[in-house]
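A.B. asks: Sequence:
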Amino acid sequence: MELNQRKELFSKAYVRAVAAVAGVRVDQPESDDNSIDLHLTAVGIDGPANCPELNLQLKCTSRTLLDADCIRYPLSIKNYNDLRIDSFVPRLLVVVLVPENIGNWIQQSEEEMRTRYCAYWTSLLGMPATRNTTSVTVELPRSNLFTPEALESMMQRISQRGLP
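Our numbering applies: residue 225 is where the sequence shown begins, and numbers increase by one.
These are calculated hints, taken from the structure and not from any lab test. Do not rely on the hints blindly, as some may be mistaken.
Distance ranges between label pairs, derived from CB positions [as the list claims (entries may be wrong)]:
id, residue 1, residue 2, range
1, E363, E335, 32 to 38 Å
2, P298, C342, 17 to 23 Å
3, T288, V313, 29 to 35 Å
4, E363, I309, 16 to 22 Å
5, E363, G386, 20 to 26 Å
6, H263, T288, 27 to 33 Å
7, D256, R366, 22 to 28 Å
8, D256, I326, 20 to 26 Å
9, L227, E363, 22 to 28 Å
10, N305, Q252, 18 to 24 Å
11, N274, N305, 28 to 34 Å
12, M351, G327, 33 to 39 Å
Remember, it's a predicted structure, so these values are computed and weren't measured experimentally. We put the beta carbon where it would ideally sit given N, CA and C, even for glycine.
All chains, full assembly: derive it from the sequences and hints.
C.D. replies: So, in structure tokens, the structure goes:
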């Protein structure tokens, strides 16, 4: 299997693991024509909006993109434009960082299974249009780790009709 396909599968597995711990259902659209790789639904959260939903565009990279306070990721124009417009279900970009060597993505023993490294998220809602023709470098704050606790908080905010 080609490396980019493995990265795609790994990013989906990573999000599914985080969502499982957070108690969030994950569905995969049949096609990715709207820059939506996974659709998340939280069941059982009390709020004005029952069953809050969230759409994710996933990316996975082994490139060194870390700055002191953010990740700088070159996103295609199509994905950028799809993610910056207002939509009924909020959309996020999630970037999973992995080691260069695929053998280091997962380390496993009888005591634990550890994935390396982690994922970051950001919303591009309301970002300005661009004249770029191929890609836009977007910044994901390093404080925006995609964790079960972060996902639960996002779903709580969405259930209150807020933004993730």
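A.B. asks: Does each hint hold? Answer for all of them.
C.D. replies: Hints, one by one, checked against the model:
no., hint, verdict
1, E363 x E335: 32 to 38 Å, "holds, 36 Å"
2, P298 x C342: 17 to 23 Å, "holds, 19 Å"
3, T288 x V313: 29 to 35 Å, "holds, 33 Å"
4, E363 x I309: 16 to 22 Å, "holds, 19 Å"
5, E363 x G386: 20 to 26 Å, "holds, 22 Å"
6, H263 x T288: 27 to 33 Å, "holds, 31 Å"
7, D256 x R366: 22 to 28 Å, "holds, 27 Å"
8, D256 x I326: 20 to 26 Å, "holds, 23 Å"
9, L227 x E363: 22 to 28 Å, "holds, 25 Å"
10, N305 x Q252: 18 to 24 Å, "holds, 22 Å"
11, N274 x N305: 28 to 34 Å, "holds, 30 Å"
12, M351 x G327: 33 to 39 Å, "holds, 37 Å"
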